[in-house]
Amino acid sequence: SAVISQKPSRDICQRGTSLTIQCQVDSQVTMMFWYRQQPGQSLTLIATANQGSEATYESGFVIDKFPISRPNLTFSTLTVSNMSPEDSSIYLCSVTGLTGGESGNTIYFGEGSWLTVV
Amino acid sequence: LAKTTQPISMDSYEGQEVNITCSHNNIATNDYITWYQQFPSQGPRFIIQGYKTKVTNEVASLFIPADRKSSTLSLPRVSLSDTAVYYCLVVLHTGRRALTFGSGTRLQVQP
Chain H
1 SAVISQKPSR DICQRGTSLT IQCQVDSQVT MMFWYRQQPG QSLTLIATAN
51 QGSEATYESG FVIDKFPISR PNLTFSTLTV SNMSPEDSSI YLCSVTGLTG
101 GESGNTIYFG EGSWLTVV
Chain X
1 LAKTTQPISM DSYEGQEVNI TCSHNNIATN DYITWYQQFP SQGPRFIIQG
51 YKTKVTNEVA SLFIPADRKS STLSLPRVSL SDTAVYYCLV VLHTGRRALT
101 FGSGTRLQVQ P
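For the protein sequence lines, the chains are H and X, in the order given.
Residue numbers for the first sequence, in this note's numbering: 1 to 118.
Residue numbers for the second sequence, in this note's numbering: 1 to 111.
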């Protein structure tokens, strides 16, 4: 299995500021994704983080608001820009395609980063 | 992507067996059925995955009929710590794509 570390785990942010969330995996993975989960809701896919190229965003999410980086096979960042209270959510990093081992196709999630915008 | 439908919520008592059924009428030949568990303020955790018939692991059993249009997650002898949201998903065999989450089933286990 994969161990996924997200930082920060929790933060309170001021309206209008930006915050970058880091996702570090303990092994190389083929694919990394970012999800948002608003209070009491299910998970919504924001984008697929592509190594060395621009992320692929889902409908309703744009790069200016959620810039994503993925410099290598074990690390990605998601920035939530110009935050408003509506951005208060849990942001989750997800990975799949572990190199080697029988769990290569299983999708794993980090513990999430809980952001509250005030 | 195959859409899944599952009950919004279920209640049970400690020690009982819980069965959560999910329908996925449009499942494709290369799709697998996967279940995740999510506790409050945590990321989803993989429980079990299957293609047909029955799959069992240390946590749960998954029953899939021959037509694969539905599946049932069975949790034996639940405890209070099994209170969580359970998501049924249909995923491509290769797994090399993001998951699409439905609303999930909120299981509340009472003492």
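It is worth saying that the hints were derived from the structure and are not from the lab.
All of these numbers come straight from a predicted model, not from anything done at the bench.
A hint or two may mislead.
Stated by the list, open to error - Take a look, some chain X residues computed to stay more than 10 angstroms from chain H by CB distance:
| id | residue |
| --- | --- |
| 1 | 7 |
| 2 | 10 |
| 3 | 17 |
| 4 | 20 |
| 5 | 30 |
| 6 | 60 |
| 7 | 81 |
| 8 | 91 |
| 9 | 100 |
Claimed, not checked - Distance ranges between label pairs, derived from CB positions:
| id | chain 1 | residue 1 | chain 2 | residue 2 | range |
| --- | --- | --- | --- | --- | --- |
| 10 | H | 11 | X | 25 | 22 to 32 angstroms |
| 11 | X | 46 | H | 9 | 31 to 41 angstroms |
| 12 | X | 72 | H | 62 | 19 to 29 angstroms |
| 13 | H | 116 | X | 57 | 28 to 38 angstroms |
| 14 | X | 65 | H | 5 | 37 to 47 angstroms |
| 15 | X | 16 | H | 24 | 33 to 43 angstroms |
| 16 | H | 59 | X | 26 | 29 to 39 angstroms |
| 17 | X | 79 | H | 9 | 20 to 30 angstroms |
Stated by the list, open to error - Derived, one-sided and incomplete: chain X residues facing chain H with beta-carbon distance under 8 angstroms:
| id | residue |
| --- | --- |
| 18 | 15 |
| 19 | 28 |
| 20 | 41 |
| 21 | 47 |
| 22 | 50 |
| 23 | 51 |
| 24 | 101 |
| 25 | 103 |
| 26 | 111 |
For glycine and all other residues, C-beta sits at the position ideal for the given N, C-alpha and C.
Failing hints, ascending? The structure conflicts with hints 8, 9, 10, 11, 12, 16, 18, 19, 21, 22, 23, 26, although it agrees with all the remaining ones.
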